[in-house]
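Top to bottom, those sequences are chains V and W. As numbered in my numbering, residues 69 to 480 make up the first sequence, in order. As numbered in my numbering, residues 69 to 480 make up the second sequence, in order.
For the record, the hints were derived by calculation from the structure and aren't laboratory data. Just to be clear, a hint being listed does not mean it is correct.
Copies of the same chain are indistinguishable here, so a pair counts whether it falls within one copy or spans any two.
Claimed, not checked - Taking lysine-lysine pairs in the DSBU-like style, the calculated list, with each CA pair at most 30 Å apart, reads:
no. : residue 1 : residue 2
1   : K173      : K426
2   : K359      : K469
3   : K426      : K163
4   : K359      : K426
5   : K443      : K469
So you can see what is in the structure, the chains are spelled out below.
There are 2 protein chains.
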Amino acid sequence: MSHASPVSPLAPKTTPDVGPVAGVRFATAEAGIRYKGRTDVLLVEMDEGTSVAGVFTRSKCPSAPVEWCRDNLAGGRARALVVNSGNANAFTGQKGREATALTAKIAARALGCAEGEIFLASTGVIGEPLDATKYDGVLEETATRLAPLPWIDPARAIMTTDTFPKLATASATIDGVKVRIAGIAKGAGMIAPDMATMLSFVFTDAAIAAPALQALLSRGVVDSFNAVTVDGDTSTSDTLMMFATGAAGAPMVADPKDARLAGFRRALKGVLADLAEQVARDGEGARKLVKIHVTGAVSKRSARRIAMSIANSPLVKTAVAGEDANWGRIVMAVGKAGEPAERDLLTISFGDIRVAHKGARDPDYDEAETSAYMKNEVIDITVDIGLGRGSDRVMTCDLTKEYIAINGDYRS
Amino acid sequence: MSHASPVSPLAPKTTPDVGPVAGVRFATAEAGIRYKGRTDVLLVEMDEGTSVAGVFTRSKCPSAPVEWCRDNLAGGRARALVVNSGNANAFTGQKGREATALTAKIAARALGCAEGEIFLASTGVIGEPLDATKYDGVLEETATRLAPLPWIDPARAIMTTDTFPKLATASATIDGVKVRIAGIAKGAGMIAPDMATMLSFVFTDAAIAAPALQALLSRGVVDSFNAVTVDGDTSTSDTLMMFATGAAGAPMVADPKDARLAGFRRALKGVLADLAEQVARDGEGARKLVKIHVTGAVSKRSARRIAMSIANSPLVKTAVAGEDANWGRIVMAVGKAGEPAERDLLTISFGDIRVAHKGARDPDYDEAETSAYMKNEVIDITVDIGLGRGSDRVMTCDLTKEYIAINGDYRS
Numbered sequence: 069m070s071h072a073s074p075v076s077p078l079a080p081k082t083t084p085d086v087g088p089v090a091g092v093r094f095a096t097a098e099a100g101i102r103y104k105g106r107t108d109v110l111l112v113e114m115d116e117g118t119s120v121a122g123v124f125t126r127s128k129c130p131s132a133p134v135e136w137c138r139d140n141l142a143g144g145r146a147r148a149l150v151v152n153s154g155n156a157n158a159f160t161g162q163k164g165r166e167a168t169a170l171t172a173k174i175a176a177r178a179l180g181c182a183e184g185e186i187f188l189a190s191t192g193v194i195g196e197p198l199d200a201t202k203y204d205g206v207l208e209e210t211a212t213r214l215a216p217l218p219w220i221d222p223a224r225a226i227m228t229t230d231t232f233p234k235l236a237t238a239s240a241t242i243d244g245v246k247v248r249i250a251g252i253a254k255g256a257g258m259i260a261p262d263m264a265t266m267l268s269f270v271f272t273d274a275a276i277a278a279p280a281l282q283a284l285l286s287r288g289v290v291d292s293f294n295a296v297t298v299d300g301d302t303s304t305s306d307t308l309m310m311f312a313t314g315a316a317g318a319p320m321v322a323d324p325k326d327a328r329l330a331g332f333r334r335a336l337k338g339v340l341a342d343l344a345e346q347v348a349r350d351g352e353g354a355r356k357l358v359k360i361h362v363t364g365a366v367s368k369r370s371a372r373r374i375a376m377s378i379a380n381s382p383l384v385k386t387a388v389a390g391e392d393a394n395w396g397r398i399v400m401a402v403g404k405a406g407e408p409a410e411r412d413l414l415t416i417s418f419g420d421i422r423v424a425h426k427g428a429r430d431p432d433y434d435e436a437e438t439s440a441y442m443k444n445e446v447i448d449i450t451v452d453i454g455l456g457r458g459s460d461r462v463m464t465c466d467l468t469k470e471y472i473a474i475n476g477d478y479r480s
Numbered sequence: 069m070s071h072a073s074p075v076s077p078l079a080p081k082t083t084p085d086v087g088p089v090a091g092v093r094f095a096t097a098e099a100g101i102r103y104k105g106r107t108d109v110l111l112v113e114m115d116e117g118t119s120v121a122g123v124f125t126r127s128k129c130p131s132a133p134v135e136w137c138r139d140n141l142a143g144g145r146a147r148a149l150v151v152n153s154g155n156a157n158a159f160t161g162q163k164g165r166e167a168t169a170l171t172a173k174i175a176a177r178a179l180g181c182a183e184g185e186i187f188l189a190s191t192g193v194i195g196e197p198l199d200a201t202k203y204d205g206v207l208e209e210t211a212t213r214l215a216p217l218p219w220i221d222p223a224r225a226i227m228t229t230d231t232f233p234k235l236a237t238a239s240a241t242i243d244g245v246k247v248r249i250a251g252i253a254k255g256a257g258m259i260a261p262d263m264a265t266m267l268s269f270v271f272t273d274a275a276i277a278a279p280a281l282q283a284l285l286s287r288g289v290v291d292s293f294n295a296v297t298v299d300g301d302t303s304t305s306d307t308l309m310m311f312a313t314g315a316a317g318a319p320m321v322a323d324p325k326d327a328r329l330a331g332f333r334r335a336l337k338g339v340l341a342d343l344a345e346q347v348a349r350d351g352e353g354a355r356k357l358v359k360i361h362v363t364g365a366v367s368k369r370s371a372r373r374i375a376m377s378i379a380n381s382p383l384v385k386t387a388v389a390g391e392d393a394n395w396g397r398i399v400m401a402v403g404k405a406g407e408p409a410e411r412d413l414l415t416i417s418f419g420d421i422r423v424a425h426k427g428a429r430d431p432d433y434d435e436a437e438t439s440a441y442m443k444n445e446v447i448d449i450t451v452d453i454g455l456g457r458g459s460d461r462v463m464t465c466d467l468t469k470e471y472i473a474i475n476g477d478y479r480s
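Next up, chain V with everything else stripped away, as it sits in the complex (with noise of 0.2 Å):
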């Protein structure tokens, strides 16, 4: 933890004034977990009735708290989301499921609820016991505290190093009433010795059936946090949760597929959208966001594969950290995704400009203009396969030697 980097140059201008959703309170606490005086948990209480969603990594070593989430999906409700910075609660076996029993129960008890409408979520080192007693005393303390704003202190306190709070808001009508929506995300985050970890919590006062709210998420999930990638690696305890109170008054809703949500899923896909791009932003010593789009592959599912392939390359990414429109290496990045394509069909743009045509370099391209273009912050690279109709978009950040340093120094 040597480094206190400055803020990334790639963060949003602005805040977002994100304001209450009816039925949920918040209050962050120092616990002690790991280090002293910081601040290191954040409690969540919600309206009884809350339904609840969850989509989780497809590590086959998830962490602790990953596998207690999971089995009280099924229950479809929530009173209380903790989580905790310092320990991720990972590869800590027997130890580490007690560890989540006995955090559930001490919250259960601070709240007067079951202990299977608690959920949790833990990010920092792995593999060391999680000491759960802290929370004794602590949690009914927070408890006293809790307030509907602001909601930049729970979007602080799930950052590790992140480098800045990434909040999304929006509102959307169902029936006629006003229904909101915020949520909170960190991102690629280390507290030593560790590794990126991505937490998300959406929470609404809509009110909608939990089966509903989980294919809402897993959809919305697909094109958002699914299509972001800062260095292909996948945690033990990545965590996107959505949370519906129902106190805004508008009608339950059972059918994801309602005419009633058309304005709601647009608000939630923003929502994801804006809370995935932010995490991309803050991607571990990002200078430059980069949008990769792939149109003409034989499917989306193709699409997306190819430029996974050419956003975890990490001779694409150095090059644009160079500020080189190197399109040999995308058509690396594209022979080695594995997936239908010919050379002498693709395509290549650095933002409109385009290199590559037809199997070889585009006879009119301007190496000048191409320069100047990959000064920008935001870098977006198209590559059209030529075959069928398959698009894709997925969003991912250069590779700079501070990623070296985040993640190789702090042994010093």
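Go by the hints and put chain W onto chain V.
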């Protein structure tokens, strides 16, 4: 090309003394393909009746020379190999095919053989047409200087940003007759704007029919070159070819499983493993060689995928660069491989030090001892999955700021 990198600290301490391989002669020249005043072409002539085998990039966008070689491999016969640096002749469309045809025509005329017996490889800039007329006269003159020694010349001629020439040799007896194997390789090289390209050529004076040679090579590559990764990026031009002149006078062998080949198979395996390790030792910016051993997986294929997931993880590679025995990142990489694995069965060791066992930190592991181990130049990481009997080993190098500098900084 602004980097004159010092020799990798991982370079072998001595260069092997490689003797002549009967039936193989070579010379190098300056054809001015991209730069003036440097050796950029290698011509190797082989005796009539030489059989040939090859293994090439799996890229869907292979270079024109790769396509040329694939086409001619069916003939099974080789008389010459022409390798150039400075231009990869990749993503060059119809012009690229014309350039390979013209190169082969000039070489065939110079040596008095058929164009279908000429094999080609190129490394360098992508997307620029290769002006093969530059070979006119050059290859004829080069053909007048062919000699069986010294092997350091061809090894140096194919280097780009390699920091040391890569050679390996071995001998064996076939039916009592001594045969020799000599191999050269180039690793992660870059000629701006370009990418890593692996080229390797192995020569023997044994007499082995082309289909048998192909079987030996295809089998040999699995645990040598295919088990090495520098950055997970696959070149459009990766090429490994093997030539058997038959000039040692050993009997012709047509069955790759022939018992008389037992010693030869071992010798070939040694040469391929040696060259592959040298490529890993010269990974761009490498300061440490990392050997990743996976045991207890459900199959060798599963073990390979898990090992590659670890070897290609930027977080694991930066941790090794930082001399940090960060087994949490190993857990992460096992988890993201998508292969059968259970957290509570995993055992992880650095060298002989067991740091994690059965899903949790090993209580006996000594942090100071582990930190001392991580200062070594060669790091062995062993992961036991605890599920089956599949095992595998791959090699990689650490990820340092110098990698970023080599691949991102040259636009000053």
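How would you classify K173 and K426 at a CA-CA limit of 30 Å: within, between, both, or neither? between (63 Å within a copy, 26 Å between copies)
Within, between, both or neither: K359, K426 at alpha-carbon 30 Å: within (22 Å within a copy, 41 Å between copies)
30 Å Cα cut-off: does K426 pair with K163 within a copy, between copies, both or neither? between (58 Å within a copy, 12 Å between copies)
Is it within, between, both or neither when you check K359 against K469 at 30 Å Cα-Cα? So K359 and K469 pass the 30 Å test inside a copy (21 Å) and across (24 Å) alike.
Up to 30 Å CA-CA - K469 versus K443, copy category: both (17 Å within a copy, 21 Å between copies)
Hint violations for this structure: none, all hints satisfied.
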